[in-house]
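Enquirer: In our numbering, the protein residues as written are 1 to 192.
Among the clues, some could well be false.
With a straight-line cut-off of 25 Å between C-alpha atoms, the simulated PhoX-like cross-links for lysine-lysine are [unchecked claim]: (1) K132 - K121; (2) K121 - K133; (3) K34 - K132; (4) K34 - K121; (5) K52 - K70.
Please keep in mind that the hints were generated in silico from the structure rather than gathered at the bench. Since the model is a prediction, treat every value here as computed from it, not as a measurement.
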Amino acid sequence: MQHDIPFILPTFDNEPGLVLVMNPDNPNNASLTKLGDGIEVYRVQSTPNLMKTSIYRPSRVSPFAILERKSSSLSSDILTLQGRVIEAGRWLRFSGDPRMDTPDITFPISFEEGGLTYQWKPDENGDLHLYKKEDFSSAIAWFQSSNDGIAGNQLVTYAAYLVVAPDSIFMRDTIVATFIIIEAWLRMNGKS
Numbered sequence: 001m002q003h004d005i006p007f008i009l010p011t012f013d014n015e016p017g018l019v020l021v022m023n024p025d026n027p028n029n030a031s032l033t034k035l036g037d038g039i040e041v042y043r044v045q046s047t048p049n050l051m052k053t054s055i056y057r058p059s060r061v062s063p064f065a066i067l068e069r070k071s072s073s074l075s076s077d078i079l080t081l082q083g084r085v086i087e088a089g090r091w092l093r094f095s096g097d098p099r100m101d102t103p104d105i106t107f108p109i110s111f112e113e114g115g116l117t118y119q120w121k122p123d124e125n126g127d128l129h130l131y132k133k134e135d136f137s138s139a140i141a142w143f144q145s146s147n148d149g150i151a152g153n154q155l156v157t158y159a160a161y162l163v164v165a166p167d168s169i170f171m172r173d174t175i176v177a178t179f180i181i182i183e184a185w186l187r188m189n190g191k192s
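Can you build the whole structure from these sequences, using the hints too?
Expert: What follows is the structure, encoded as structure tokens:
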């Protein structure tokens, strides 16, 4: 949908490692482009019924991540991530209910990668932040959803974006995959 509201890209005082602009702000079908040069780094495509979501790097024909939804909960969903087949509800663990099918899901949502545990949790505005377990002093990635605002007496739309800290770029595929799965699940269940 085209509109005349200006689209504002994020700016930072200190340049983070990687900033991916998500357009449109839809974790089921979007392009994630690198801030600055606009090169597409990831593409997310879902079937019309949202039962299958694939995440691609444009340079590759095959997706590096596929989520096959079996129900409205993640407990029975199957995730294929870089060739590994994983039960999504066992790999992504919500505190409170490991089956992830309760309306009272609590954060953090954790996963293991490379022998370390990482946790996604929302900030006071509901935007997701990723931390190394038990170290909530500095996020290694975070997502800011799009929002409307006023800039120079004009209505604008601020772009949705995912930031990956410089020391976490090595695991950016996993960060993108977990973020897409969690944000899509939260939106599908009216929790975001």
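Enquirer: Decide, hint by hint, whether the structure agrees.
Expert: Right, here's what the structure says about each hint:
Under the criterion of a C-alpha separation no larger than 25 Å, the hint pairing K132 with K121 is consistent with the structure, at around 11 Å. With a C-alpha separation of about 11 Å, the suggested pairing of K121 with K133 holds against the 25 Å cut-off. Proposed proximity of K34 and K132 is supported: the alpha carbons are some 24 Å apart, at most 25 Å. Between the alpha carbons of K34 and K121 the distance comes to roughly 24 Å, so the proposed pair stays at or under 25 Å and holds.
Simply put, K52 and K70 have alpha-carbon atoms about 9 Å apart, close enough for the 25 Å limit, and the pair holds.
Checked against the numbered hints given earlier, this structure breaks none of them.
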